[in-house]
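Each chain is listed here by its residues.
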Amino acid sequence: MSDRKVERLINLTLALLASKRYLTKSEIFENVAGYEGSLATVERMFERDKDELRSLGIEIEVGTLDSYFEDELGYRISPQSYGIDIGPLTPTEISYLSLASGLWRDQIFGTSAIRALSKLSVDPKTAPLDPSDLGLSLITSNPSATHIETLMDAIESRTPVSFTYDSDTHRDRSVEPYQLTLLRGAWYLVAREIEIGELRTFKLERITGEVSLNPDIHTFELPEDLTALVARQMSFIQQESELTQVLIKVKKGAGAVFRAKGIVRECDHEWDFVEFTTRDLRETASEIIWQTESVIAQKPQELITQIHKILSQKIGGVKVHD
Amino acid sequence: MTELARNRVARALDLIPFIVSHPGTSVADLAQIFNATPKEIAKDLTLLHMCGLPGYTHLELLDLSYENPDFVEVINPQVLDKPRSLSRNEVVSLVLGLDLLAKLTVEPKILSELLELRNRIAKASSSSVEMPIARVELPSASESESLTVSLIVQAIAESKELRLQYISGGTSAPAGKRIAPISLEQSRGHTYLDAIDLELSQRRTYRLDRITSIALGEHLDSDAFILKTSTVSSTSSSNDRARDTGNRTEEVSPLLRITPVRIGRLFAEDHQGIVESNTIKGDSCLIQLAPVSKEWLMRTLLSRDGLVEFMNETRLQTEFETIARALFRRYDFPTEQIGRGE
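Chains as they are written, first to last, in our numbering: chain G, 1 to 322; chain R, 1001 to 1342.
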């Protein structure tokens, strides 16, 4: 049964792809092998077959055969939309494609990359380099697969979306999505928040629930300077702007993590001073607390404030008395 | 389980152009490339042999030769000689992968070849080169981290061991390690090396910025990658980080309430390997942990944002708050500042 269906779908693809003109349903039912039964049966079969082929990304064009008789619809697959032509691939290019596809370690793009290679007739075995030789899997798994799909749909169709975002300020967001960016194994969405009219960056893993497309609001255009705008937004995320000098006290014989990244000088018989720079005070505060009694932050004040913020959450609002 | 007809159609349509450009490929190789079994490929070939253009005479049918499973060829592909167009996800996966390789390379010739190929695929797929829907960004790495990465990549490529001086979170000085590197992975702003500790024959994860020195060692044979027990084969870096505290004397498995939900969820994501369940209740996450080092857990919870409660564990709650108060006293925080955080 399944073989007959597969055979019919392949025959239908071949017939529609080979035809220079639109084929009517009656021509299809009469000529394409596999359409057997009453008219109602083959009609239903054909409707399902079109859906199956479209779900494979095969575009079935619908048009009229004669401009004077517009009610007679026909179907065809244009060779331009069906196939991809990237020209012949050199062995080096085959290597690059194998390596590029081998980087992925997630469900959504990992599977797609393997499928893309076989579609492009790339046999990884003929590549001079094995992807596993590179040993890099810098793109990590991501739980936001459904969000990525919806957001790519929205960016392509220029459709605003809304979602609930887990943050301290406010939760419900309506945005014009501009671009997705993968950084350090996490996906970010750069978008214009409609309510405030400003560009914002959202981490996909902090989107709770569904991402809804809102075609009723309006469509939008991407800003011409998108690349620069996205780069600026992502630089905020990377926190590359400020390098802060940090001074801490570290117990002798402890805190190797800090000693390794800074200048060490003696403080007294029990403690040493360690001076180093950081781009992320929040993370440094966290690392200092992790060392418990072995490390005490000295400077800057923002670091001490961060430590205060984290620790005060842990003592349940009870005042501490000396 | 019966395979979906749609999947078979897709594979069959892609098999023809592949065999056209690789005449003489074996059924076994096709199975590997198309992620199928040799039996499935053989069935596809038999079925394709029955398909063709209306008329269905020998001139219109697809003409394949597959009687010899070691040598498959297509004699007449009819109109199926070109590869099928790529789906959006397929384009994004290749374009972003090539982008990432381009960002990792310093060789101008390779860089221009990678970008030329990337643009060719994007254009042929009608994707915007200038304004792609997705892009990839590399975090800035320090010079020493870049050197470490290049040595690790070399060690993986040449199957060599690495000798490290490594600072574990709770230790006072770097310790020497002999490891067999497996792969690099990025998570939460850090690059981790997944490897086998050759002394312990156990899988471990190392944070790159905690490697103080690194050198290539001996060539490794495949025995180096055999682990001591099956239970340590988890690749969860959080699991390994949880073990990597230096103090493994007391283990606990508490139920935690972490508030707000965002912080609780982040904790659960970061430590998937030790989280048995995570339930959202109101504005908190209730997280049940598997047995884990008490010292590691205390340090980790203290150093993260959010309110933490040990449910039904008065002893642990008291101990946790005692450590927090002791740390608090080390700073000159005004007492009126003390209270629940945001």
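In case anyone wonders, no lab produced these hints; they're calculated from the structure. Keep in mind that a hint or two might mislead.
Capping the alpha-carbon separation at 30 Å, the derived lysine-lysine pairs in DSS-like fashion look like this [as the list claims (entries may be wrong)]:
(1) R:K1160 / G:K50
(2) G:K203 / R:K1123
(3) G:K5 / R:K1082
(4) R:K1109 / G:K125
(5) R:K1281 / G:K125
(6) R:K1082 / G:K261
(7) R:K1160 / G:K125
Stretch by stretch, here's where chain G covers chain R in the computed footprint (C-beta under 8 Å, at least three residues) [what the hints assert, rightly or not]:
(8) 1011-1024
(9) 1044-1050
(10) 1069-1075
Ideal placement from N, C-alpha and C gives every residue a C-beta, glycine not left out.
Practice task
Against the structure, test the hints numbered earlier, and report the numbers of the ones violated in rising order.
Solution key: The structure breaks hints 1, 5, 6, 10; every other hint is satisfied.
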